[in-house]
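For the sequence shown, our numbering assigns the number 9 to the initial residue and increments by one for each residue that follows.
A couple of the hints might just be wrong.
Listed next, with one range per pair, are the computed distances between beta-carbon atoms [said to hold, decoys possible]:
id, residue 1, residue 2, range
1, T172, R18, 31 to 39 angstroms
2, P14, E79, 39 to 47 angstroms
3, N59, A177, 23 to 31 angstroms
4, G48, M12, 41 to 49 angstroms
In silico EDC-like pairs for lysine to aspartate or glutamate, Cα to Cα no more than 20 angstroms straight-line [stated by the list, open to error]:
id, residue 1, residue 2
5, K192, E149
6, K158, E133
7, K107, E133
8, K192, D132
9, K190, D132
10, K109, D132
11, K158, D132
12, K69, E33
13, K142, E79
14, K109, E63
15, K107, E63
16, K52, E63
17, K15, E63
18, K192, E137
19, K158, E137
20, K37, E63
21, K158, E139
22, K142, D97
23, K142, E183
24, K119, E133
25, K192, D106
26, K119, E137
27, K187, E39
28, K146, E183
29, K52, E173
30, K142, E181
31, K146, E181
32, K192, E173
33, K119, D144
34, K69, E149
None of these hints come from the bench; they were simulated from the model.
Here the structure is a predicted model, which is why all the values come from computation and not from measurement.
Glycine included, C-beta positions come from ideal geometry on N, C-alpha and C.
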Amino acid sequence: MATMLPKIGRPATNALASIGINSLEQLSKYERTTILDTHGVGPKAIGILENALTEAGLSFKNETASEFPFEMVGDLGCDNAPKRRIMLDFLIGSALADKNKLSQTVVSNFKWQVPGAFELNSLDEFYNEIEAHKVDIKRIEVTHNLTHGKFGAMHGTQLNSDGTEVYFADFIEFESNRKNAKIKTVTSYVIMNDE
9 MATMLPKIGR PATNALASIG INSLEQLSKY ERTTILDTHG VGPKAIGILE NALTEAGLSF
69 KNETASEFPF EMVGDLGCDN APKRRIMLDF LIGSALADKN KLSQTVVSNF KWQVPGAFEL
129 NSLDEFYNEI EAHKVDIKRI EVTHNLTHGK FGAMHGTQLN SDGTEVYFAD FIEFESNRKN
189 AKIKTVTSYV IMNDE
């Protein structure tokens, strides 16, 4: 039996109906970003839908149980874009402070910069920095993950176990246009929201 959609407002309900979504089971076949890009469905409706999916034991497409100690959701599809996978692996390696995973994604003379704050010029410096500031993460949501040529960008939200939210945007330059190129430079913009 199909589980009805929760009350999300007439515009959002009509928008979902226009693409053939009338139940949570149908909704679970779509990625969160696809639904969010649907005209009439906003962030508030997405939050309500996500809660309803969770209560029904469902999730948006590509948002399944994680092999990490935190939940990872959002724009996670990488089927035909290897650099998107490399960027996600970099994000995961950074969150876990996993030097082995990081070394598989970045060049040895990797550069990380946070404009107006600092610049680090090697994988070792970067690893030492993230290890020194490692936090217990509850969830990472990748809102967008895009690549073109030797450039990429992703942004999203990190929710820490203490309730702190971190909004991030990473702008990435790869060493070349090759599909398996490693990351050369990351420029990060970070906003922290202490609750």
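Of the numbered hints stated previously, which ones are contradicted by the structure, given in increasing order? 2, 4, 5, 6, 11, 14, 15, 19, 21, 23, 27, 28, 30, 31, 32 and 33
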